[in-house]
Amino acid sequence: MQWDWNFIYQILPTLWQGVIVTVQATLLGSLVAAILGLFIAIAKRSSNKWISRPVSSLAMFVRGTPLLVQLYVLFFVLPDIGILLSPLAAGVIGIGVHYSAYTAEVYRAGIENIERGQWEAAKACNLSSHQIWIHVIIPQAVPPMIPALANYLLMMFKETPLLSAITVYELMTAARGVANSYYRYFEPMTLVGIFFLLISIPTVILLNRLEKKYSRRR
Amino acid sequence: MKEHDHTGDSMNAARPKAPSPIIEVKDISKSFGSHQVLKDLSFDVQPGEKLALIGPSGSGKTTILRILMTLETIDGGVIRIDGEPLWHMEKEGQLVPANEAHLHRMRTKVGMVFQLFNLFPHKTVLDNITMAPILTKGISRSDAKARAMELLDMVGLADKATAKPAQLSGGQKQRVAIARALALQPKIMLFDEVTSALDPEIVEEVLGVMRKLAAETDMTMLLVTHEMGFAHDFADRVLFFDAGRIIEQGPPDQIFRAPQEERTQLFLRKILAAGRAI
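Residue numbers (my numbering), protein chains in the order written: chain Z, 1 to 218; chain Y, 1 to 278.
There could be a bad hint or two in this list.
Quick look at which bits of chain Y chain Z covers, simulated, 3 or more residues with Cβ under 8 Å [said to hold, decoys possible]:
1) 69-83
2) 99-109
3) 120-132
4) 180-192
Below, a list of computed lysine-lysine pairs in the DSS-like style, where the Cα atoms sit at most 30 Å apart [claimed, not checked]:
5) Y:Lys91 with Z:Lys49
6) Y:Lys145 with Y:Lys160
7) Y:Lys187 with Z:Lys123
Calculated from the structure, these hints are not laboratory results. Cβ atoms here follow ideal geometry from the backbone N, Cα and C, with glycine treated the same way.
In isolation and in its complexed conformation, chain Z is listed as follows (with noise of 0.2 Å):
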């Protein structure tokens, strides 16, 4: 086994596009993490059962199965019965929902970290219930579960390789295609494992600080 740098400089333009697609999945998937989570937080909240219980099912549905099922049934299955996602789509929407489920019970947590005394002051003036949420809660809920919720985000930038199994050309997909391609995996490998190093450790540094942050100001 020998470190070849020629092969690295011929396979790094086939890996670049690997990287673009990983990092276009974990950005949307994020997004869909991060509103569809806070969506299901406030549903659970609901005081009408007939929003609050199903939404709760789901949630509960969604983190007690693999992801690696959800993404099979939204790619293979989902055609069955007339639904057809690309395979970024399906990555997207599998990975973003998956995770959604975890960030909601972060918010819940930190909603449920704001004192009453808020509701009723919110109440009190008269503010309709959109409103409370817009301008009272979310703005004091969110900002000390930004490292939880960043934690979450970084776990599915390093579950993205599994988007490989329903044919999205991310990094892994990209990677084992050389591979398989010339026979050798060392050089591949180690790059797709350096560059989620790259992104993930600067990452982890930046949430212990935002911890350390937020742990001050409570």
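Given chain Z's structure and the hints, the job is docking chain Y onto it.
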């Protein structure tokens, strides 16, 4: 302060016919689980009247304020504010439970100041005061700001407009909370133990603002307090609560100097023994 010398029902009989009450509480009951907090509670409040609600902890004083602010529901009875039912709507001559739109409209008549201030910590003092008028009344930002500055001036905090609540003392926070409630120009103000969370030396700065408010406005005010001296000076009428009922009511001199009911006498003795002079 006491130009509206409204007293108990028995005293009203001797005076010219009073205007329609701004608050009518009739046979209100309220329970938390198996604990009944209010038992067929009834009383009226005249426009501009200043009422002090006193009594031991758990007697239902705060609960009735919270019900008037629609923070707690009722189990039975009817409340009318300005002639309109608060927790009900009139539909084809019948009273039916109020919907959110009705409650929203009724809340415009009432403002509340809380024991723990409940300022919005992520907003500046100015934004705490202007947010609700802008969002709920459609007032322009500049008009809301001008009104807020007037109110801050009134409570002596014009120089704190850009501060965040965390930068204020307890007394300053409570004065901002009063300004915030006043910004919505309610007809009725509810004060729920507004000095209980304050250090003794800064209680007076909040009471001073309330005295000023009572003297300069004709707003109806209901005050739950353990500051008996202030209640005596501030109120036109004092209601003594115990176990979810009004045990005794009347002008402050009568309640504090010559209470008729044994439970009132006992409560006041205990308060005096605790050093809260009247």
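Hints, one by one, checked against the model:
1. Counting residues of the segment 69-83 of chain Y whose beta-carbon sits less than 8 Å from any beta-carbon of chain Z gives 3, enough to reach three: the coverage restraint holds.
2. Beta-carbon proximity to chain Z at under 8 Å applies to 4 residues in the segment 99-109 of chain Y; the threshold of 3 is reached and the given coverage holds.
3. Here's how the segment 120-132 of chain Y fares: 5 of its residues keep a CB closer than 8 Å to some CB of chain Z, so the rule of at least three is met and the hint holds.
4. A count of 3 residues in the segment 180-192 of chain Y with a Cβ less than 8 Å from any Cβ of chain Z is obtained; the coverage claim is therefore met, three being the minimum.
5. A C-alpha spacing of about 27 Å is found between Lys91 (chain Y) and Lys49 (chain Z), which places the hinted pair at or below 30 Å, so the restraint holds.
6. For the suggested pair Lys145 (chain Y) and Lys160 (chain Y), the alpha carbons sit about 13 Å apart, so the restraint of at most 30 Å is met.
7. Only pairs whose Cα atoms come within 30 Å are accepted, and Lys187 (chain Y) paired with Lys123 (chain Z) is accepted, the gap being roughly 17 Å.
Violated hints: none; the structure is consistent with every hint.
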